[in-house]
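K.L.:
Residues per chain, in single letters:
Number of protein chains: 2
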Amino acid sequence: MGSLTKLKHFLFGKPIHSKRAQHERLIIVFALAVFASDALSSSAYATEEILHKLQDVAIGGGAWALGYLLPITFALIALLWIVIFSYYQTIQAYPTGGGSYRVSSENLGRVWGLIAAGALLIGYVLTVAVSVSAGASAIVSMLPQTQPYAALMASVAVAVITFFNLRGAKESGAVFAIPTYSYVVLVLGLILWGAFSMMSGGSITPVVDHHTIAEGIKPIGTMALAFFIFKAFAAGCTALTGTEAIADGVLAFEAPEHKNASKTLVWMGIVLMFLVVGISWAATNFGITAMSGGGHGAGGEGYMTVLAQIAAAIFGSATHPGFYITQVATALILVLAANTGFADFPRLSMFVAKDGFLPRQLTTVGDRLVFQNGIITLAVLSILLIIGFNADPHLLIPMYAVGVFLSFTLSQLGMVFWFRKNQRGSWKAWVSGLGSFVCAVVTLLLLFTRFTEGAWIAIAALIIIVMIFFGIKRHYNWLDKRLSIEDEPALTEVDTTVILLVPRLHKGILQAISYSKALTDDTRAIHVTLGRDHTGTIKKEWQAFGEDIPLVILESPYRSLIRPIIDYIDETLREHEGDKDHMVTVIVPQAVPKTWLQRFLHSNIAFSLKLALRSKPNVVVTNVRYFL
Amino acid sequence: MGSLTKLKHFLFGKPIHSKRAQHERLIIVFALAVFASDALSSSAYATEEILHKLQDVAIGGGAWALGYLLPITFALIALLWIVIFSYYQTIQAYPTGGGSYRVSSENLGRVWGLIAAGALLIGYVLTVAVSVSAGASAIVSMLPQTQPYAALMASVAVAVITFFNLRGAKESGAVFAIPTYSYVVLVLGLILWGAFSMMSGGSITPVVDHHTIAEGIKPIGTMALAFFIFKAFAAGCTALTGTEAIADGVLAFEAPEHKNASKTLVWMGIVLMFLVVGISWAATNFGITAMSGGGHGAGGEGYMTVLAQIAAAIFGSATHPGFYITQVATALILVLAANTGFADFPRLSMFVAKDGFLPRQLTTVGDRLVFQNGIITLAVLSILLIIGFNADPHLLIPMYAVGVFLSFTLSQLGMVFWFRKNQRGSWKAWVSGLGSFVCAVVTLLLLFTRFTEGAWIAIAALIIIVMIFFGIKRHYNWLDKRLSIEDEPALTEVDTTVILLVPRLHKGILQAISYSKALTDDTRAIHVTLGRDHTGTIKKEWQAFGEDIPLVILESPYRSLIRPIIDYIDETLREHEGDKDHMVTVIVPQAVPKTWLQRFLHSNIAFSLKLALRSKPNVVVTNVRYFL
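Going line by line, the protein sequences match chains A and B.
Residues in the first sequence are numbered consecutively from 1, following my numbering.
Residues in the second sequence are numbered consecutively from 1001, following my numbering.
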């Protein structure tokens, strides 16, 4: 095992055999942590998103607007259960895993499948960007002095996740369980405590008071009111991102897989429901509003997330140890959520590549080189988003939900067709149909209400990705046609002339000489002379050496090593003109340096030669290496 | 001719034959422009450097200090003529060109030659950095609003020069003549006009008045005075940089070469003398001082060079068209001076590489790849210096002169030994000895007076470069020893097994099959399957194809293409264990995409394979390409 391989194994871990993966099935309590961290972490920012919309009206003198927070949250919960029930059915129908790409492709056709895939790939990038940005917000809420470094912290978090994923760390249930359950227990416990204190007559007041919301009752028209409620509802839909994860990953569960997956799905729904409703209830009852200035932008001095404000209010101050623990747990679950993007992005790419819509080499995810490319692509894109939007979740979220709901819609619509095709109870088809319809409405709602806020970027990116998918497929189709062997394949006989480059006669080239002789009887040794200084020496040495290979001395008037060799190759090819299957093999003896630095002392002519010959057929350049 | 080659020729020009160069000899009037632009351009900043030192005392209340400008300038002129006379002798002794590296190596020995070479290489980097920075200062003097962009302008100038040098533009006499002679005529004409006006009773006053120099006579001790004069003199020595160029390039002159070169050298001395003395005279008589704030650093608001102040004073304002023309001509000659660095750096590298002290591939300067590396190295280093020192010549110059004078010293000392060896008149040896001694004194002076100002950087860089020279030589020596064939070379017979990678059966791999069969009878076709999906197809197709090459199907449990191939290679090598000269040839059919973008759709397994096999002997990886 080479030292590089050792280093690689040390840094990135040993490869994992496919078979072993089957023994690493997850029990429910761990599966919930692994697959639900993404969905549950959405609760950390969903309420805040709704509040931002409500405050637009409330600050203008309509304090009544804030009263809509809980009703809208309940509407979201209804939507959540429709989606969860739809996915519950998907799990029954696809007990080996029913990702949107698969379900849409199989039931709606290629194009819809690819649209779902494109939407998901974009979604994964945003999962990473939004989650680590929200994580950074949690830290900023705790340590206001870190505010200028939010984008830096978020980028570093992505870099760390990237490192562990390059290392090929498996998603270990235990690693996920601790932060996920800490978050759930802390947040739910806090809110229960808050509720209990309030009921027993105590009062909980915000530690920061930033909005002077006039207790007005500024009237508003019916249409305007409807639009206002829709906007707030659409903003809150981000709470549902991540709910599809369990249906994708059924095979990772303990047997009976689909049953355990279904159970986990329902548990996830219950926990998420309590989290979101609890946070919205607390915000309403403690009088907490979202802070403007958009997180880390200008004017966002002393920014605290809504969740942080709730925690601070209940703990009584923003310096209480309990407050710190809550913030750290929040940041950790958000980082885990980002990590799921890293697990899903290369896997979905592989499925799409297998069907020929992404470069084929992505199917060999086992090759570090390929796998790494996917990981690094995801990391770079998400870091660009983080820096571009200054790690402000509030600016990133409008791009996020639209793609997610588009893939929900297609996935559920696919299920409708699946039920009809398989004639498995029409009421189930109706459930999926309802899910699909509701998700479609939400997608359109998101598109209309958030188009200028950033949804257009997601849509533009989606169009580009789908076009790339088809461009790639078109190329592969063209290739298949070009390369297919229709008639009897006419295999012609091939002759080869070996051109052996001899810089000077030394031990290192002996194997290359023997190898050349093994390949053909027509070997010519070539020496390029830049001046006439050494020509005599090499001639004499070659004669003394006494092999029956002719030595050709080429002069180089332009002081280039490459040009005379290429001219000689052309000449050799011309000698055999008409003889279509004569090939020239250029053998370049090459020293393999002992250390990395020594590379610079050894020219790599083979590389320059290949570059110069890249469009010339019937020429093969071969390195025969010797080790120093 | 490939389209890339066409593009290259369009951008960088067609290659130039060595023979043609001999027909492009320069007549004196052009030769002076080409070889003297570097030296003459030094006049644009030398006087200013002296003034900076004098003002250190003058501002403190010793206006008398400024009176030393002309005497120090005359001392510099004496030094100039000593150096010129020494080089005059060098040209006679080395009529084919006597660069410091050659003269020092041949007469003083390797080590001194390499020290001279290292000093010169550093000098070329600084020639570029100082010249374009001084050029930027000329522009800033004309357009004060460009001051914040001085480093940017200087860097862009380097980029433009780099482009033209990558293009391989020959130093055309005419291109050099116009800016060089414009500068000389404008500056000398201006000063004569100024002198004439003054003598005919007119008065010339500076357009900017920035220093309130007390008309005091603050006394100073003898030692302090001496040290002060030495410092000012050392600072002015930068006027002499570039004077060695003619002795290096004798062969570029019209026949009789050495006579014409000698004449040009003397003319250069005369012109440079008038320029430097003229500028110092004008500064003294018009009451012009160097502006503090170090050019473009903080506080350098409205900075004007001394030369610009002289021009403005004579033209009467800094908005006069004549003033603009002078500044542009100054900037142009300075850019030309930078260009000579680009001509000399790769040439000197080639000589050093020929002797084995730099990577050998630098000897093939005709290969674009190598030539480009030298040019780009020079560009990057000089841009780093420009940015690091904010394009301030005053900060860069202390690093500059010490290396130049060190190489002068060694070159002249070498001549002393040359005269003694060749017994050609002892008085000539005395002249060179004087030159060497004076230059040695100046080198030490520079080292002491400017050590902390930046000279230490040049010395540290020199030590590192010389250590690199010897490290490289040691490696090549070790290599020669390792690789030398002492006994009768024992050429063993080599057998090879061909492993042909077959992703699937298509037209593109037909040539590769034929080629494999031409190489050996022991060919095995290898197909790596990631799933079992296509295994049946390839087996059937291969049988239908009917060649007598066995097909081996390798499974890849880790979803890697590379690992199973490597394992199979290991196995094949083990089959022939003990048989030391059995080699495995891996043939990888490779599609050559039509466009650059298509590359991403075709995996390059050969690259990954080579990387994985880089430390395994007896394996050769070969691409057989097919064109789409």
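FYI, nobody ran anything at the bench for these hints, they're computed from the structure.
Among the clues, some could well be false.
In silico DMTMM-like pairs for lysine to aspartate or glutamate, Cα to Cα no more than 25 Å straight-line [claimed, not checked]:
no., chain 1, residue 1, chain 2, residue 2
1, A, Lys354, B, Glu1541
2, B, Lys1507, B, Glu1541
3, B, Lys1517, A, Glu486
4, A, Lys539, A, Glu555
5, A, Lys354, B, Glu1555
6, B, Lys1507, A, Glu541
7, A, Lys610, A, Asp570
8, A, Lys539, B, Asp1355
9, A, Lys428, A, Glu257
10, B, Lys1594, A, Asp355
11, A, Lys594, B, Asp1570
12, B, Lys1610, B, Asp1495
13, B, Lys1539, B, Asp1581
14, B, Lys1354, A, Glu555
15, A, Lys428, A, Glu493
16, A, Lys507, B, Glu1493
17, A, Lys507, B, Glu1547
18, A, Lys594, B, Glu1541
19, B, Lys1507, A, Asp480
20, A, Lys507, B, Glu1486
21, B, Lys1616, B, Glu1575
22, A, Lys354, A, Asp480
23, A, Lys481, B, Glu1547
24, A, Lys540, B, Glu1493
25, B, Lys1540, A, Glu493
26, B, Lys1259, B, Asp1355
27, A, Lys540, B, Glu1486
28, A, Lys616, A, Glu453
29, A, Lys517, B, Asp1570
30, A, Lys610, A, Asp495
31, A, Lys616, A, Glu541
32, B, Lys1481, B, Asp1355
33, B, Lys1507, A, Asp567
34, A, Lys507, A, Asp480
35, B, Lys1517, A, Glu257
36, A, Lys428, A, Asp480
These numbers were taken from a predicted model, which means no experiment stands behind them.
K.L.:
Now look at each hint and say whether the structure bears it out.
P.N.:
Against the structure, the hints come out as follows:
no., hint, result
1, Lys354/A <-> Glu1541/B, "holds (21 Å)"
2, Lys1507/B <-> Glu1541/B, "holds (13 Å)"
3, Lys1517/B <-> Glu486/A, "holds (22 Å)"
4, Lys539/A <-> Glu555/A, "holds (14 Å)"
5, Lys354/A <-> Glu1555/B, "holds (17 Å)"
6, Lys1507/B <-> Glu541/A, "violated (45 Å)"
7, Lys610/A <-> Asp570/A, "holds (14 Å)"
8, Lys539/A <-> Asp1355/B, "holds (21 Å)"
9, Lys428/A <-> Glu257/A, "holds (21 Å)"
10, Lys1594/B <-> Asp355/A, "holds (22 Å)"
11, Lys594/A <-> Asp1570/B, "holds (22 Å)"
12, Lys1610/B <-> Asp1495/B, "holds (21 Å)"
13, Lys1539/B <-> Asp1581/B, "violated (32 Å)"
14, Lys1354/B <-> Glu555/A, "holds (17 Å)"
15, Lys428/A <-> Glu493/A, "violated (64 Å)"
16, Lys507/A <-> Glu1493/B, "holds (15 Å)"
17, Lys507/A <-> Glu1547/B, "violated (39 Å)"
18, Lys594/A <-> Glu1541/B, "violated (45 Å)"
19, Lys1507/B <-> Asp480/A, "holds (10 Å)"
20, Lys507/A <-> Glu1486/B, "holds (9 Å)"
21, Lys1616/B <-> Glu1575/B, "holds (16 Å)"
22, Lys354/A <-> Asp480/A, "holds (15 Å)"
23, Lys481/A <-> Glu1547/B, "holds (23 Å)"
24, Lys540/A <-> Glu1493/B, "holds (24 Å)"
25, Lys1540/B <-> Glu493/A, "holds (24 Å)"
26, Lys1259/B <-> Asp1355/B, "violated (30 Å)"
27, Lys540/A <-> Glu1486/B, "holds (15 Å)"
28, Lys616/A <-> Glu453/A, "violated (52 Å)"
29, Lys517/A <-> Asp1570/B, "holds (24 Å)"
30, Lys610/A <-> Asp495/A, "holds (21 Å)"
31, Lys616/A <-> Glu541/A, "violated (33 Å)"
32, Lys1481/B <-> Asp1355/B, "holds (17 Å)"
33, Lys1507/B <-> Asp567/A, "violated (29 Å)"
34, Lys507/A <-> Asp480/A, "violated (46 Å)"
35, Lys1517/B <-> Glu257/A, "violated (51 Å)"
36, Lys428/A <-> Asp480/A, "violated (42 Å)"
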